[in-house]
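Participant: Residues per chain, in single letters:
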Amino acid sequence: MSWIKRFLDKILLLDLFAGLGITFRHLLKKKVTVQYPEERMEPAHRFRGMFRLDEERCIKCTLCARDCPIDIIYIDWHQEVNPETEKKEKLLDRFDIDIQRCMFCGLCEEACPTNPKSIWLTSKTYELASYERWQNLYVDKAELEGWRVRPAYTDDEIV
Amino acid sequence: MVEVDSSDLSRDTLFGVEEMEINFGPQHPATHGVLRLKLKVDGERIVDCYPVIGYLHRGTEKLFELHPFFQNVPHTDRLDYVAAATNNLAYVGAVEKLLGIVVPPRASYIRTLLSELQRISSHLLWLATHAIDIGAMTPFFYTFREREVVLDLFEEYCGARLTLNCMRPGGQPYDLPVGWVERCAEFVGGFPEKIDEYEGLLTENRIWKKRTVGIGILSPEMALDYAVTGPMLRGSGIGLDVRKAMPYEMYDQMDFDVPVFYNCDTYDRYLVRMEEMRQSVRIVQQCLEKLPEGPLMAKRPRVLKAPKEGDVYHAVEAPKGEIGFYIVGDGTPNPHRCRGRPPSFYNIQVLPEMVVGGRIADLIAVIGTTDVVLGAVDR
Amino acid sequence: MSERQDDKPQEGRPTGDQPAPEAPDETRSEAPATPDSDSSAAAAEAEAETKAKAAAAKAKAVAEAEARKEPWERDPAAPEWQEAESDGLVDALKSSFGEGVLAARTFAGELVLEIDRQSIREVGRSLKEEHGFTLLVDICGVHYPDRDQAPFEVVYHLYNLDQTRRIRLKVGTQEGIDVPSVVAVWKGANWPEREVYDMYGVRFAEHPDMTRILMWEGFNGHPLRKDFPVEGIDTGAAIYPEFYGDEAGPVAGTGTGWKPPEPPEDKPEEPVPDEA
Amino acid sequence: MVEFFGETLYVYAVVPFLKIIAAIVVVLTIIAYTTFAERKILGFLQVRMGPNRVGPWGLLQPIADVVKLLGKEDVIPNRAVVWAYVLAPCLVVGPALLILSVIPFGPPSSAGPASSWFITDVNVGLLLVVAIASIGVYGLLLGGWASNNKFSMMGGLRAAAQMISYEVPQGFSLVVPLLMAGTLSLVGIVEAQLTQGRWFIFGFFPFGLLAFFIYFVSGVAESNRNPFDLPEAESELVAGFHTEYSGMRFALFFLGEYANMIVISAVAVTLFLGGWLRPFPNLEWLSFLDLGFLPPGLAGFLWFLIKLLVFLFVYIWFRGTFPRYRFDQLMDLGWKWLIPAALLAVVATSIWKVALL
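Quick mapping for you: the protein sequence lines, in order, are chains A, B, C and D.
Heads up: the first sequence runs through residues 8 to 166, numbered per the numbering used here.
Heads up: the second sequence runs through residues 67 to 445, numbered per the numbering used here.
Heads up: the third sequence runs through residues 827 to 1102, numbered per the numbering used here.
Heads up: the fourth sequence runs through residues -2 to 354, numbered per the numbering used here.
The following block holds chain A by itself, in its conformation from the complex:
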């Protein structure tokens, strides 16, 4: 009998029809495509997107630059006496990030000692492509401050 079964298996093509059935069922299912320019997926809260810098909070410790695995953060600062309070203050001259080489690992954000962080990646901005190479070679501090505001963590704070 087994050979009859095998022969029937061979000629009835049930396995092929099963596959056809599965694909046909999907023909009518709801599609999962996201129509990109019109609909955009909202990144998660922790999404590591474009940088944002808060110069007020930054204490110019350069830990982020030191912790960067590929050394793309360039920070210059100088000390000045504030005429109002007559205290020495650190002032940021330059805070540049070579975005082209950035791999968005988030170690700079983790290194930042201020609370809340003065540099962070969770700006949910992922459309960083540009037409010309020079357009995103460096991102300076003015640009860094211009990106979208970080959404507050609802549940926790990063260690």
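There is no bait here: all hints are sound.
Covered stretches of chain B, going by a simulated chain D footprint (3 or more residues, C-beta under 8 Å):
#	region
1	90 to 98
2	187 to 200
3	205 to 219
4	274 to 284
5	421 to 427
Quick caveat, the hints were computed from the structure, so don't treat them as lab data.
For each residue, glycine too, the CB sits at the ideal point set by N, CA and C.
Got chain A sorted already, so can you dock chains B, C and D onto it with the hints?
Facilitator: Chains B, C and D only, in chain A's frame:
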């Protein structure tokens, strides 16, 4: 390269057989990146095969030596770039062993969870590419639909989808977000049905069986001799799984089976991976149930310094096989030497043994079944 | 001796025999022992005694508190090298190879055998065929530029499937001295040995195909040596053989003169493209 | 004389010419929208949208494709054999379109050949179809050989072996409806189905069905479609015989493939599925399906078109479902299963037919 004497071909040499040399890759749709094979073919039959690798060599091991331990984690993402979590796990495990750090249980559970989710996503990618290599186009999209969900879970956890950078020496940098456990449970709850769907398209399909059963035979002796690990070894009847043999993290708390199949062919390796996905679902569910509260980061110095002299090897079961890191410390915050043992490197080395004598179409199936990622091979 | 590589995290990774908190205890117990000579000797002694007792009690309490702590709350204690315990494997190897096994130590619970270069193949064969180390997990090289004798080390990781045990073999060598290849023992050694050659310049004798594997043929230098510049070298030598002969062309260590980009002094508001 | 000449010219030159233009326009439109439908249906099978950017629901996508392909650089590889390289795509498209001349898209008209729904009715129509269809393989072979590319050559060789092998079962399976109808004329075959009151797929059950199945499988192989798309197996031979082709020449290959699909479907519809006939032409109570309110002939054409589209859908459905055979397994299937089965069908049908006499 081995010179093949055409007289030993089982074919009438009356007509003067002339072999054709083909450069298969590095740009070829089926070589999964930049694998290059120098093929000698006699018609459709492969007479000789010589893999040439190194097209994606980025000097990652040199980079490891230049950076402190914690800065190397993002670099490990880029070895086997479709399974970043297991790379991270192997690396941080080695560093923790070298420094004597003990990870808190919650962090350990999260690591187990992430590496199993990573196994699911990596196997889904493997299935997609394997199927599309053999000509079945549709599983590609079905698997990517589910892989997207896994990647979303990763994104919610650590902010990245592919190059996760989700582990640190000493523990986990983040806690699970609110609602993550529920979403993950929902996904793994519905996932076995999806596996049934893929299997319905492929497992019993006669064309799929014809293309895979008996193709790319890798005998157990050969597999051991070539240090093949992972699903390829388990498809050859040897049940070596680092998760069971030398449990790391929380795997000794988990109840799961290691699927082993004994026919040594492409079809069995396919079955192994399909079954592994189901087992991963089990592990993830157990992790979600047992997940304890507690700290995420062990007590550790701000600057991780290796002991003056000492070297450790720590291996984990990556989706593709055993990935291990061998780290030599020299008393500085940087590793003196950090070697990643990529499973794909060894799995692709055995390729000529599996394809010589077969057809070009078999070569495609066999490359697919090795699940090679050239980022890990070339480092 | 159990060579389990990973213990359960709750029970602590293998951290050697010394518990971590000993060092602070000693300093604390010594601190009150500094004498104050103002009061009488006996009183001082008694006081010192009580102080010492108190300190000891305190130290004990601290130690107990430390012991009650979970392993991940303690200071991490790095593992240390230890002489390998007497072990069937080490004894058997020492008895059959004698001088071939230079040292047997453990680090973090992993057995490390230093093997004489000449006998590595025989040791490997014996390990594979008699001791069940059928899986050659990995071969890699390490460069120790400070060592005079053997600046290069080839490290073999072996795995025993039945005992689920890992060991590590180390072979020292130096430039120009070949290491016997173990391809005859494990076929899988082929590519990793090529990689060690490629990356460190350590050649393997009787290897079937001793060519470069990751770098291209004719690449000048061995990238993972410590003296190889990180920024790389000019590799024109191999790409343009008609311009550079076999020996000509740039050499390892000279570099390309590449520097990280210096940002302009006065940064313009918008970088201006060249063609403008 | 003048009158006669005028009428002859009208019936045998002007009308056929117009019909040819109409047929080619219609078929090219169908081809263009088959490519669109293929992408769309494949998309739907694969839970995605398919092309939907150009025009409403992406309906202008074929036009955009044509514009793109026309605008592309026409690359002829170095050391290619230029004449063969140029000739090959034409050899693929030409025969496929030529077969359309004998396909009866609709019923003949009682008013004469000028108003019937086909270009011409040859009394050896079926032979003509088989003969011309086999020219197509030269195009693939030449294209593969002339490209000066090893993958292309292997694709060409695969195409030659595959198409020649599968012509045998295809030819045999065509004999079955031939035996049933007793004529080689395609119009005659459809009319025989009308007079016998059943589609030939149901004739001499199960041999008609068997022959249909064999014809369809061989047809899929003949037109190099999944699961028999070995000559252009993307993952194996990059793109097979048309690896090196670009721009409009590539488009011609593309066109040829789809024209082949349509031709094979059209022949299958004509021979096995009753051409322009409605389902179950013997059942009186189904006569409302004749769509009598339409102008004469149009209803038949619509039926033909519907059947054709179902075939095209099945082609696409197959592509969305099946993996690809290996080359030797394909040969195996052809020679060891399909040819014996086709022979069986032919012999059984003949015996049955003789017994009925």
